[in-house]
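Student: Based on these hints, arrange chain P on the given structure of chain S.
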Amino acid sequence: MPLLKNNQFVNDEWTKVSDTDALPEGAKIIVTSTRLIQDWDLLAKYTGLLGVSLANNERAEILTPYLSQLSLIVLSFPAYTDGRAYSQAKDLRLDGYRGELRAEGNLLLDQFQFMHQVGFDSFEVNERFALQQWQAASKQMSLAYQRGLYRTSGEREVWSQRHQGFAPWEEQPHAG
Amino acid sequence: MYRYDEFDHQFVSERTAQFRDQANRRMSGELTEDEFRPLRLMNGLYLQLHAYMLRVAIPYGTLSGKQMRQLAYIADKYDRGYGHFTTRQNIQYNWIKLEETADILQALSDVEMHAIQTSGNCIRNVTTDHWAGAAADELLDPRPIGELIRQWSSLHPEFSFLPRKFKFAITGAPHDRAAVKVHDIGLRAHKNDKGETGWEVMVGGGQGRTPMIAVTVRDFLPEKEVIPYMEAIMRVYNLFGRRDNKYKARIKILVHELGAEKFKAEVEAEYAKHPAQTTEVEQRELTRIEKYFAQPSFEKMSRFAPHFENAKRENVDFARWAKNNLATHQVDGYTIVNISLKPEGGIPGDATGEQMRVMATLAERYSFDEMRVSHAQNIVLPHVKLEDTFAIWQVLKANDLAAANYGLIGDIIACPGLDYCALATARSIPIAQAISRKFADVKKQEEYGPVKLNISGCINACGHHHVGHIGILGLDKKGEEFYQITLGGSSSENASIGTILGPGFAAHEVPDAIETILNTYVKLREPGEEFLGAYRRLGPKPFKEALYAAA
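Sequences listed follow chains S and P, in order.
Counting from 1, one number per residue, gives the positions in the first sequence under my numbering.
Counting from 1001, one number per residue, gives the positions in the second sequence under my numbering.
FYI, nobody ran anything at the bench for these hints, they're computed from the structure.
Just so you know, not all the hints are guaranteed correct.
[What the hints assert, rightly or not] Taking lysine-lysine pairs in the DSSO-like style, the calculated list, with each CA pair at most 30 Å apart, reads:
id, chain 1, residue 1, chain 2, residue 2
1, P, Lys1165, P, Lys1248
2, P, Lys1165, S, Lys139
3, S, Lys28, S, Lys5
4, P, Lys1264, P, Lys1191
5, S, Lys28, S, Lys16
6, P, Lys1097, S, Lys139
[Claimed, not checked] Chain S is faced by these chain P residues, among others (derived, beta-carbon under 10 Å):
id, residue
7, Gln1018
8, Leu1039
9, Gln1151
10, Ser1154
11, Pro1157
12, Glu1158
13, Ser1160
14, Leu1162
15, Pro1163
16, Ile1227
17, Glu1270
18, Ala1276
19, Thr1278
20, Glu1280
Predicted model only: the values in this text are computed from it and were never measured.
Idealized CB from N, CA, C, for every residue including glycine.
In isolation and in its complexed conformation, chain S is listed as follows (with noise of 0.2 Å):
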């Protein structure tokens, strides 16, 4: 699956590393929230960069006491209509994490600003639409009601705009 980082294909150098495979030394590495809660004294100390994955059923608080120590976390959209994931990103966002967050499963053009806007910046998709039409998926709307959303696209946030004086939330994600 290729996947996307700033609107253009890059390599994944992430590797899944399974419960009970053995950790490769110095690598780029995903494991899943229960290996990072039970081996952490372990993965604490790991050399590479440490990623993980949550299940969409998993609250986003587990992982807050090692936010500061991941650099990637990876959510998931089994189908489009399961919109945990979006709540999952915001929470993590809100909660100050501030590395790669990327989305995985069924991931569909239509939904891919909103992906955006809740704080994703990767994203590994389906083979099937060109890199063109991701591009423009990223910008179907230039305008969001909503207030401290990601606007990765140069959005303007309408009350914002209205109300002079009221900067939009400016930080924005940076895909590593």
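Tutor: Positioned in the frame of chain S, the structure of chain P alone reads:
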């Protein structure tokens, strides 16, 4: 009323362009029906039994003459000359062609309307009291907060793929005409001990297969906290609402399964965890919106309207209509005109293009260019001089809009049923028509007093049968339609779910059964006692006996 600014215009235009592209991709075959389905649903386009159905949002039920004319134009040009006003204060068109839908959305956008989020598992059209801004008992106009919620919920990136659809209802008056206790979230304005205004927040009401009355999660939410607090509720629902079974996916099931206290604790924890950075922008936005809903410039008039009184004395039909269809206004000399879309033998909530234009003209001429759609599928002229009502009534009468049955047994709520709907198990419209013919005589209807009769053609309960004083539910038994009757439901501030009386009836038996119920009430009522009060005092027993003993 609210007017779009440049941002609102641009937002709806972009959305319309987006849909045109999607529809073109579907028609060219680039998108399969499966892929197109969620996209069209996000724009209110359903595929029904015979054709596409388009549901257009009428935010908090308020519209202008110009907007109503455009709805009429769409009915005439793109449908079969009529539209259907719904229990969610929207309008539906039943005979829509896919290739014309983008043009219809464009026509709507020209008059500051849209079909965004009128379907799909997202936050739907916000509904309010249809007498908002006019009702004598009102504490505050609920529409500004309704507009704030409309904007905030439009294409909300976090809450567009909820477990299930989500409905808000808001009332600014102690007497609840917006059925807030049977919505996913209901808001009710009231004052605290210090005289400040705030909102009671009720969550988890609903009808459908599992009817429930909402529980209060906050007695008094300050106005400035409404948006962040709604975010907290929505986040808890989005994360923890059930997704394994579509029939258990509404927030009412989550509230029920967690228990009200635990649900409240989850919401409060979420709310406390991420305090809003600032609510000042929301406050300023609300103030901006409120200006659009300032009271119109009413004339100072006496409460006594001599021409009105005179017309009533001279014309008994007008007097009857005035008695039943007018409601008390906040301002002396003015009244609220309720136009019943329930003529004898008619389809509840239907209006022709011509009737829409007639109502638009009346609103422009007599009601500060304002109309409302009520959840009981009627149209309201909210700000009318008493002295103008006779002229209005004459126009209504000439256009088959003068049914004098507002709030009476003929004022039936009914879903489209098996005549249109792909989900229905039985027809609703012919039952409503048969009952309305049975009780055609308004004098007879007046004898029964205020009665709410609601009909649904399946257990999804779009016709609100659970909260009808008399509810009728159409079901299918081995290919035969039959109808279950419930009594004692209410959607008011004393909301309750109706009780099933006993075995169902065949379609042709329903009108007689209703008459038996009403006659039983008349026989047993105490002086001045309305139907619902009598039922609550007597219980189902005497009604059961009357209905089933005879058989």
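Student: Confirm or reject each hint.
Tutor: Evaluation of the provided hints:
1. Among the hinted pairs, Lys1165/P with Lys1248/P is consistent with the structure: their alpha-carbon atoms are about 12 Å apart, no more than 30 Å.
2. Under the criterion of a C-alpha separation no larger than 30 Å, the hint pairing Lys1165/P with Lys139/S is consistent with the structure, at around 26 Å.
3. With a C-alpha separation of about 17 Å, the suggested pair Lys28/S and Lys5/S falls inside the 30 Å cut-off, and the hint holds.
4. Simply put, Lys1264/P and Lys1191/P have alpha-carbon atoms about 22 Å apart, close enough for the 30 Å limit, and the pair holds.
5. With a C-alpha separation of about 9 Å, the suggested pair Lys28/S and Lys16/S falls inside the 30 Å cut-off, and the hint holds.
6. At roughly 29 Å between alpha-carbon atoms, Lys1097/P and Lys139/S fall within 30 Å of each other, so this suggested pair holds.
7. Contact between Gln1018/P and chain S, as hinted, is supported at the beta carbon level, the nearest pair being about 6 Å apart and thus within 10 Å.
8. For Leu1039/P, the interface hint holds, since its Cβ comes within 10 Å of a Cβ in chain S; the closest pair sits about 6 Å apart.
9. Nearest Cβ of chain S to the Cβ of Gln1151/P: about 4 Å, under the 10 Å cut. The hint holds.
10. Satisfaction of the interface hint for Ser1154/P is found here, the shortest Cβ-Cβ separation to chain S being roughly 5 Å, below the 10 Å cut-off.
11. Given the 10 Å rule on beta carbons, the hint for Pro1157/P holds: about 4 Å separates it from the nearest Cβ of chain S.
12. Satisfaction of the interface hint for Glu1158/P is found here, the shortest Cβ-Cβ separation to chain S being roughly 5 Å, below the 10 Å cut-off.
13. Look at Ser1160/P: its Cβ gets to within about 6 Å of chain S, closer than 10 Å, so that hint holds up.
14. Annotation: interface hint on Leu1162/P holds; nearest CB of chain S at approximately 6 Å, less than 10 Å.
15. For the restraint placing Pro1163/P at the interface with chain S, the shortest Cβ-Cβ distance is roughly 8 Å, inside the 10 Å limit, so the hint holds.
16. The interface hint given for Ile1227/P is met, as the beta carbon of that residue sits about 9 Å from the closest beta carbon of chain S, less than 10 Å.
17. The beta carbon of Glu1270/P comes within 9 Å of a beta carbon in chain S, closer than 10 Å, and the hint placing it at the interface holds.
18. This hint holds: Ala1276/P has a C-beta 9 Å from the nearest C-beta of chain S, less than the 10 Å allowed.
19. The criterion of a C-beta within 10 Å of any C-beta in chain S is met by Thr1278/P, whose closest approach is roughly 8 Å, and the hint holds.
20. Annotation: Glu1280/P was flagged as interfacial toward chain S, and the flag holds, the nearest CB pair being 7 Å apart, inside 10 Å.
Checked against the numbered hints above, the structure violates none of them.
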